[in-house]
Amino acid sequence: MLNPVHLRTLEVVTETGSFAAAARELGYTASAVSQQMEALERASGMRLFDREARGVKITEMARMLTERARGVLAELYELDADVRGIATGRTGRLRVGCFPTAGARILPSALSNLRETHPAVEVSLRIGEPKDTVPMIESGELDIAFTYEYAALQQRWSDAVVEKPLIVEDLVFLSPSDEGIREATDIERASTLQWISSGAGTAGELTMYRICADMGFVPELNLRTEYYDLVTEFVGAGLGVAIVPALGILDHPTVSIVPLHSPWARRTVALVHRRNPSNPLIPVVVDSFVETVTTHDWGRYVTVAAL
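Under our numbering, the first residue of the sequence shown carries the number 2, and numbering increases by one thereafter.
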């Protein structure tokens, strides 16, 4: 196979017209250029130069080979740049897993921040709960994922993944404004109201039961939905009360937001990736997402984790 270094040297020799001039441009000695051209002649089986007393004369075969080599060398330069970009995390592909609330509240700003510093990175997104996305991290189907952990239900992933806490969000109580529940001490009155919850058996629902149990009652469920936007609308329509994490809070004219005085009323959001990631983008992305979180104004119900 023809040596691309020799082809590059031939290109410069053809452009400058001599071994000496090519050597000066490339930083070689004239002897090194001569040796490369001899090796290229042997490899190609063609006479590339007529050697004369005052120098060399470039043959038509050399000019033809130079012309053909230019396209090949251009592709090699592009490949080299791409490989270096991927290896250093400047370019590449990132596969992100994200649960819906973080997808709506964190991810847009995080990706915008990443786009500013690494515009060539291609991102694909998979929306799903941590129970679905973390196994995809372990299997290599995803590179990084947002996860959550409720204080009442500690989650432990396998040793194959690393977890980076981002924020700690309070859980808050939502009620229709006309119910008159304004303080945490008023929430016990909600024992007689209908409740709205996330899916059966989810960490959110089990945490709701735990908080209500500490207040001495079992909530009577009326509706279930996985989407906190819908929870807010249902509460605003007078269909019940609910407990939601801070990222799920939406301003609504007929919904009251009441803080909860409970050790279980918090949830930690984190990033998870493989312990020894093969994708060089991972450290870059973690730093970028952490910067997004630390510089964002989250309001009273969210605290940035000890990063």
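For the record, the hints were derived by calculation from the structure and aren't laboratory data.
You may find that some hints are simply not true.
Label-pair distances were calculated between CB atoms; the ranges are [to be verified]:
| id | residue 1 | residue 2 | range |
| --- | --- | --- | --- |
| 1 | Thr296 | Ala161 | 24 to 34 Å |
| 2 | Thr295 | Arg225 | 13 to 23 Å |
| 3 | Val305 | Ala161 | 20 to 30 Å |
| 4 | Gly46 | Glu26 | 22 to 32 Å |
| 5 | Leu251 | Pro5 | 56 to 66 Å |
| 6 | Gly141 | Thr255 | 43 to 53 Å |
| 7 | Gly141 | Asp187 | 43 to 53 Å |
| 8 | Asp160 | Thr255 | 19 to 29 Å |
Nothing here was measured: the structure is a model prediction, and the numbers come from that model.
Backbone N, C-alpha and C fix where the C-beta goes; we use that ideal spot for every residue, glycine too.
Evaluation of the provided hints:
{"no.": "1", "hint": "Thr296 x Ala161: 24 to 34 Å", "verdict": "holds (31 Å)"}
{"no.": "2", "hint": "Thr295 x Arg225: 13 to 23 Å", "verdict": "violated (35 Å)"}
{"no.": "3", "hint": "Val305 x Ala161: 20 to 30 Å", "verdict": "holds (27 Å)"}
{"no.": "4", "hint": "Gly46 x Glu26: 22 to 32 Å", "verdict": "holds (27 Å)"}
{"no.": "5", "hint": "Leu251 x Pro5: 56 to 66 Å", "verdict": "holds (59 Å)"}
{"no.": "6", "hint": "Gly141 x Thr255: 43 to 53 Å", "verdict": "holds (47 Å)"}
{"no.": "7", "hint": "Gly141 x Asp187: 43 to 53 Å", "verdict": "holds (50 Å)"}
{"no.": "8", "hint": "Asp160 x Thr255: 19 to 29 Å", "verdict": "violated (48 Å)"}
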